[in-house]
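Visitor: All chains should be built: construct the whole structure from the sequences, respecting the hints.
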Amino acid sequence: MPSIARLGALRNSGIRRVPRLLQAHRFYATDIEDLKKQSDSTEADNSVSATGVIDKRSNEVLLYYSFATSRNFIKSYLSRLALFAPRYSDEQVKKKVENLSSPLPQGSTLTEVVALARDSGAFVKYQFPQDETARHFIDRIRNNVAKNEKENENAISRVFDYLTDRAPKVYSVKGVPWIEDLKRFPSPKLAIKFEGDPLTEEELYVLFRRYGLIDDIKADPAESSVLFHHIRAATCAKHCITGMQLNNGKTTIHIQFSPIKRKNYLVDFVSNHTKISIPIILALLAGLAVMVFDPIREWFIEYKITHSRHTFDHFKQNKLFQLLYIPYKSLANLVSNSYDYIDTQLHEVVGTNDDVSSDTQSIDEIKKESNMFWKERLEKSKQLKLWILENLNSFIIVKGPQGSGKEEFVLDHTLGSDDRLNNKILVIECDKLSKARSENSLIGSTASQLGYFPVFTWTNSISQFVDLAVQGLTGQKSGLSESKETQIKNMFSLATQSIRHICETDYQKYVKSIERRNKKLKDDEKIEILRQEDFLSQHPESKPIIVVNKFARRADVHSNDFIYPLIAEWASGLIQNNVAHVIFLTADVGSLQHLNEALPNQVFKDISLSDASMMSSKQYVCDVLNVKDSVVLSDCLEPLGGRMLDLQAFIRRVKSGEDPESAVTEMITQAAELITTFFLSNQRIDKGDNNWNSAQVWLIMKLLSKKESVTYNDLIKSPLFKSSKETMDTLTTLEKFDLISLKRDKGVLNKITTGRPLFKAAFENIIGDLRIWKLYETDYLTNLINLEVTKIQKFESELSGIYKINNKLDGRIDYLSKKIEGSNKKIVDYEKEIADIAAYQGDAKSHSFLGIF
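Numbering (the working numbering), first residue to last: 6 to 858.
Hints listed in this document are in silico derivations from the structure and should not be mistaken for laboratory results.
Computed from a prediction, not measured in an experiment: that's the story for all the values here.
A virtual CB, placed ideally from N, CA and C, is assigned to each residue, including glycine.
Careful: at least some of the hints might be erroneous.
As the list claims (entries may be wrong) - Cut-off 16 Å, straight-line C-alpha distance, at most; resulting in silico cross-link-like pairs (EDC-like, lysine to aspartate or glutamate):
| # | residue 1 | residue 2 |
| --- | --- | --- |
| 1 | Lys194 | Asp225 |
| 2 | Lys130 | Glu65 |
| 3 | Lys100 | Glu154 |
| 4 | Lys712 | Glu769 |
| 5 | Lys837 | Asp784 |
| 6 | Lys198 | Glu228 |
Stated by the list, open to error - Label-pair restraints from in silico Cβ distances:
| # | residue 1 | residue 2 | range |
| --- | --- | --- | --- |
| 7 | Lys494 | Lys517 | 27 to 37 Å |
| 8 | Leu293 | Lys517 | 26 to 36 Å |
| 9 | Trp304 | Lys494 | 17 to 27 Å |
| 10 | Lys494 | Thr674 | 38 to 48 Å |
| 11 | Gln653 | Asn695 | 27 to 37 Å |
Guide: Here it is in structure tokens:
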């Protein structure tokens, strides 16, 4: 415990000690003053801004003015930037100090003001008269400040200043202040270092209590600390006491702000438990990613849907864009023009045609093709538009074989020709999704179809490693790694939000226009504003049109089979929420099962497209080739029918120099090779859909080579097509791969035709080849023999069971015996036919076995 005399000396170390300190400073200079004197000897600028130390003579006194509390640490940090620097200068602070401290005692002057914007205060140096003590002078200054502040404030301001501690205060500076601009910001805690003998807690309390309420004191010989209740008190104490000498110069105090290390028990608990902290961190990161990227992705999806309103030509009208684009275009033209001579010589050597003429020719060809389609499908196009504009459950299905021009019919002829319907279209190519071989490829393809950007496919691999690491640390998965089904579903959900936002945007425009109009009308003439549902029902053009192209029953990659049910469910949600029109384009009738499951109580509106007529096909080919119709051309086009893909392939061959007969013959040969390789030999990479055998395909080919169509009842007479379910699965799969086409009457399968008109000629070509005919006819009869052998084994097994139980079932035994005898007779006939086929050397087309089941 310190002695009473020492405490009293410390208690008097305030104002009474100032003259003694001044004398001590004058005769016993500190290390800082010695260093300053040595460094100032050769410098011209020795101001406080350059050295950080205020010089003071014997008849001067240094005071610290505190104008407000320093609680805004953000403002303190920003004050270091020029943009957020204080807008008042030292002169303004000096004027404020003069107003607060006036009137000054006679003979005294204000000699220097050093403003501290960071600490909301200022150092003020006065020169006082020789006949007055420093203590008396400081008392008069304090009284003037308190009096002037009261006169300038009203009662409300006084209460506010009292509650917020904003009243100005004046303290005498007892030490040697160090005015620094380091990145050390005010704190209620002061770190105190002693040069010499340390002070005890009681001594520190006596020394610091006059500046404000103290919460805690820790005395330590190496470094003590004082925790004030307010930052303002700590700021004043730091500036007034640092550098002060006590105990006759044996102790010097050095003070700095010390940041308070606060302990958050909740944060510590979470960070010390990985099972809690890692999932929380991942959830926060995922939430932040959603908040940042989802609005961007939603905008890009809207941009893709409303592409016609945001084309490149639209931005060309912007003056700022023109200012940047015109110099770029000029520079690009200057660079590209240097290659004109080389390009010209290259064209002359190679002998290529001019690009402009080829482009013009392709445009003419497209126009002729469009005219052909338009003439035959005009009524169906009108019907499709009517269904959309009626706006009643616009869930439309456009069916037709592959190559029948479904996409051109919908996008170009129907939607593209109507300004009301071509502004908001989103086309989804399902085949690009179903063919994706990897998860990243599927996500990238889906994002491309929807306009979903940005997409980070590489995060899937990282998330899997993170999920594995978290599982190793915590024993459970973090859930960061999502399946591709979930990711694709989330992408389509965001597309739904974008579509809904497009509808809301049009509705808001409608509301604003009605409100502007109502301002000009009387109350009884004002127009009623419709609800959004009613508005969309009356304005079908406000809803986007979603075109789902190449919709199928199964995907090419079996792991992507979930795509088609997901798209069907997504489209049904759009229809049920009345935010879009949906048009499905499909060549696979089995895909309707997904739509029936998505909308079980919905009657779909469907349009069936068939191949073009022979007359239109001839006219199209003649127009493109610029030739007249002839018997030779008619004979060549007859195998092709009206399938646009085959007609275009024929035109390309003729243009390349082939004569029409050779072109058709080569196309038939290629189609025959495709059939034998794909359907008869089953040489497929993906074996999942091979639910047919070569004998079944061979039988269908023989029947369709002689007839335009085969009834379903005739087909199931063959032993190869007995089970109705397996037969329907086989026929549906063959229809999917375009070998055959199934015709239904009232939803029931009625007829079977070739999938492409060219395939009928290919069937005849295959059967007409004696070597191939012998091979597959023998295989066909062998399959029939195997079926009969299986039947006989079944009947014999039943007979064996009857004889074992010794029951006399004469009727059943006779029945089975006749069945065995009938099957055995068929086997003998089939074997005889196989022997005849092996010995036959004539024309396969005229052989009597051609129509045998």
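Visitor: With a cut-off of 16 Å on the C-alpha distance, tell me whether lysine 130 and glutamate 65 pass.
Guide: At roughly 7 Å apart (the allowed maximum being 16 Å), glutamate 65 and lysine 130 satisfy the hint.
Visitor: Could you grab the alpha-carbon distance between lysine 837 and aspartate 784 and see if it respects the 16 Å cut-off?
Guide: holds (14 Å)
Visitor: Can the restraint linking lysine 100 and glutamate 154 be considered satisfied, given a maximum Cα separation of 16 Å?
Guide: holds (15 Å)
Visitor: Holds or violated: 38 to 48 Å for the Cβ distance of lysine 494 and threonine 674?
Guide: holds (46 Å)
Visitor: Return holds or violated for the Cβ distance of leucine 293 and lysine 517 against the range 26 to 36 Å.
Guide: holds (34 Å)
Visitor: Indicate whether the distance between the beta carbons of tryptophan 304 and lysine 494 respects the range 17 to 27 Å.
Guide: Holds, at about 21 Å.
Visitor: With a cut-off of 16 Å on the C-alpha distance, tell me whether lysine 198 and glutamate 228 pass.
Guide: holds (5 Å)
Visitor: Falls inside 27 to 37 Å, the C-beta gap from glutamine 653 to asparagine 695?
Guide: holds (30 Å)
Visitor: Hinted pair, alpha-carbon criterion (16 Å max): lysine 194, aspartate 225. Please report holds or violated.
Guide: At roughly 15 Å apart (the allowed maximum being 16 Å), aspartate 225 and lysine 194 satisfy the hint.
Visitor: Can the suggested window of 27 to 37 Å be confirmed for the beta-carbon pair lysine 494 and lysine 517?
Guide: holds (35 Å)
Visitor: Straight-line Cα separation of lysine 712 and glutamate 769 no greater than 16 Å?
Guide: Measuring from Cα to Cα gives roughly 11 Å; hence the hint holds.
Of the numbered hints stated above, none is contradicted by the structure.
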